[in-house]
Every structure is written in structure tokens, then in C-alpha cells.
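Q: Given next are the chains, with one letter for each unit.
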Amino acid sequence: DAKTTQPTSMDCAEGRAANLPCNHSTISGNEYVYWYRQIHSQGPQYIIHGLKNNETNEMASLIITEDRKSSTLILPHATLRDTAVYYCIVRSRTGTASKLTFGTGTRLQVTL
Amino acid sequence: GAVVSQHPSRVICKSGTSVKIECRSLDFQATTMFWYRQFPKKSLMLMATSNEGSKATYEQGVEKDKFLINHASLTLSTLTVTSAHPEDSSFYICSATSPPSAEYNEKLFFGSGTQLSVL
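Note that the protein sequences, when read in sequence, are chains G and C.
First residue of the first sequence: 1, per the numbering used here; consecutive thereafter.
First residue of the second sequence: 1, per the numbering used here; consecutive thereafter.
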């Protein structure tokens, strides 16, 4: 699986949009971009994933550049409960046996 | 939605004993499950891939005799930490991939994790 790079940490004011970038310049054509987050002492929580089109769900939006070498996760109105470590992962689309390899992630701190 | 249940959430044991951790997929059949390990303030490290009905595939550096994995059914995988020692103390997390479907779309779901403390 392709390697991803993310900023180590970010701060965001509550109520503002949190934009978390991810670089995956070596992504291949059969790899999805997945985003997960982990709140302290819990298992990772699925947020969103996409292949090449932008995606939106009830939690967040995912913007993938046209060349697919980078993406941005957008939390439109961050709350204190969004404080967590956010992981950007690329994963092969071929089969359920494809594993997720976690990088270091971005520690998002939402403040009042 | 799909849920992966992991049990126990926390376990404290004496050095030299064995500890079993269970991982169940509640809403779907998982032919493949994954086991991760996480140290404080570190990222998740994949330990092994658990395949239903066959031997697990271990990542490099992970001792298969120390971390026994059994995936006897499509909804249950277990990780047994044998002869546990203090250095095995860690947060263990399992995950399972939902099958392709309109509802789940091959998402990978995670259990809530097990905090193992070996005294």
C-alpha cells in the first residue's frame, strides 16, 4: 500500500471548519483513500473513503485532487468531540483481504 | 450499522499467564480479520491477518508462537497472548472488512480495543 504523509498536529476553533491534508503521491490506480479517526483509548472510527471523486457524508467531506496525489478531509463545523488523531490511509480496492497500514496521523485539537 | 465487538476491553494478568482476546463481527461475515497493536501515543501496528479456516499471516517481527490467532468461524477471531510478560502490555485492536455491498461498501470496522496490562 502507498505511504501517506500528514501534519503531526493541527488546531481548530470550535464551530470552524477543520481541513486536514494528506499527501499520497505514490498512490496507484487501484487504491482508495480512507480516513479514520481515533479518540483516546478507543478503536479507530471510519469517517469516509473515496477513489477519485469528492465524497460527502454526515460526518465529513473528502476532496481528492485530480491527480489523486493528495486529499483533504473537511469537518465542516468542528466540535470539541472531534478532538482525535486522524489517519489518512490508502488501500487496495481488490478484495476484503486488503489490509490497512496506518501512518502517524494528525492530532487535531479543537478548542473553545 | 456494522459492528465489530471486541472482548474484554481491559485485562490485567500476572506474568507467565495466557490471555485470550475475542473479536466478533456482529452484522456480517468476515473471512478476514486483522489484529493491531498500539503503544501509548503511537500509531497502530499491524500484527497479523487472520483468515477463516486457515493459518494466520504474521507481519515481520511478530512471533507467531507468542501471539496465537484462531479464526474458526466467519464471525469470530481470537488472539491469545501466550506466557505474557510486562513488555506485552499494550492496546490490542481487531478489525474486519465488510463484504462488498451497497450498505457497507468494503469498509474496515474496528473493535473498541483491549488494554492488556501484564504485572
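Careful, some of the hints might be misleading.
[Stated by the list, open to error] Cut-off 30 Å, straight-line C-alpha distance, at most; resulting in silico cross-link-like pairs (DSSO-like, lysine-lysine):
| no. | chain 1 | residue 1 | chain 2 | residue 2 |
| --- | --- | --- | --- | --- |
| 1 | C | K66 | G | K99 |
| 2 | G | K69 | C | K14 |
| 3 | C | K20 | G | K52 |
| 4 | C | K55 | G | K69 |
| 5 | C | K66 | C | K20 |
| 6 | G | K52 | C | K66 |
| 7 | G | K52 | G | K99 |
| 8 | C | K41 | G | K69 |
| 9 | C | K107 | G | K3 |
| 10 | C | K55 | C | K42 |
| 11 | C | K41 | G | K99 |
| 12 | C | K42 | C | K14 |
| 13 | G | K52 | G | K3 |
| 14 | G | K69 | G | K52 |
| 15 | C | K64 | G | K69 |
| 16 | C | K66 | G | K69 |
| 17 | G | K99 | C | K42 |
| 18 | G | K52 | C | K14 |
| 19 | G | K69 | C | K20 |
| 20 | G | K3 | C | K14 |
| 21 | C | K41 | C | K66 |
| 22 | G | K52 | C | K64 |
| 23 | C | K41 | G | K3 |
The set of hints was computed from the structure by calculation and includes no laboratory data.
Q: Hint by hint, say whether it matches the structure.
A: For each hint, the structure was consulted:
Annotation: proposed proximity of K66 of chain C to K99 of chain G holds, straight-line Cα distance about 22 Å (limit 30 Å). At most 30 Å may separate the alpha-carbon atoms for a hinted pair to count; K69 of chain G and K14 of chain C exceed this at roughly 48 Å. Proposed proximity of K20 of chain C and K52 of chain G is contradicted: the alpha carbons are some 41 Å apart, above 30 Å. Between K55 of chain C and K69 of chain G the alpha-carbon distance is near 36 Å, which puts this suggested pair outside the 30 Å criterion.
Restraint check: the Cα-Cα separation between K66 of chain C and K20 of chain C comes to about 12 Å, which is no more than 30 Å; the hinted pair holds. With a C-alpha separation of about 41 Å, the suggested pair K52 of chain G and K66 of chain C falls outside the 30 Å cut-off, and the hint is violated. For a cut-off of 30 Å, the pair hint linking K52 of chain G to K99 of chain G stands: about 20 Å separates their Cα positions. Annotation: proposed proximity of K41 of chain C to K69 of chain G holds, straight-line Cα distance about 27 Å (limit 30 Å).
For the given pair, K107 of chain C sits about 19 Å from K3 of chain G by alpha-carbon distance, which is consistent with the 30 Å threshold. Under the criterion of a C-alpha separation no larger than 30 Å, the hint pairing K55 of chain C with K42 of chain C is consistent with the structure, at around 28 Å. For the proposed pair K41 of chain C and K99 of chain G, the alpha carbon gap of about 22 Å is at most 30 Å, so the pair holds. Pair hint K42 of chain C plus K14 of chain C holds up; C-alpha atoms about 25 Å apart against a cutoff of 30 Å.
The suggested pairing of K52 of chain G with K3 of chain G holds, with an alpha-carbon distance near 17 Å, which does not exceed 30 Å. With a CA separation close to 10 Å, the supplied pair K69 of chain G and K52 of chain G stays within the 30 Å bound. Between K64 of chain C and K69 of chain G, the direct Cα distance comes to roughly 36 Å. Violation of the 30 Å bound is thereby established for this hinted pair. Of the pairs offered as hints, the one joining K66 of chain C and K69 of chain G is violated, with about 39 Å between alpha carbons and a cut-off of 30 Å exceeded.
With a CA separation close to 19 Å, the supplied pair K99 of chain G and K42 of chain C stays within the 30 Å bound. About 50 Å separates the Cα atoms of K52 of chain G and K14 of chain C, which puts this hinted pair outside 30 Å; it is violated. For the hint linking K69 of chain G to K20 of chain C, the alpha-carbon distance of about 41 Å lies beyond 30 Å, and the restraint is violated. This hinted pair does not check out: K3 of chain G and K14 of chain C have alpha carbons roughly 38 Å apart, beyond 30 Å.
Our distance criterion of 30 Å between C-alpha atoms is met by K41 of chain C and K66 of chain C, whose separation comes to about 24 Å. Between K52 of chain G and K64 of chain C, the direct Cα distance comes to roughly 38 Å. Violation of the 30 Å bound is thereby established for this hinted pair. Distance check on the hinted pair: K41 of chain C and K3 of chain G sit about 20 Å apart at the alpha-carbon level, within 30 Å; holds.
The structure fails hints 2, 3, 4, 6, 15, 16, 18, 19, 20, 22 (numbered hints given earlier, in ascending order).
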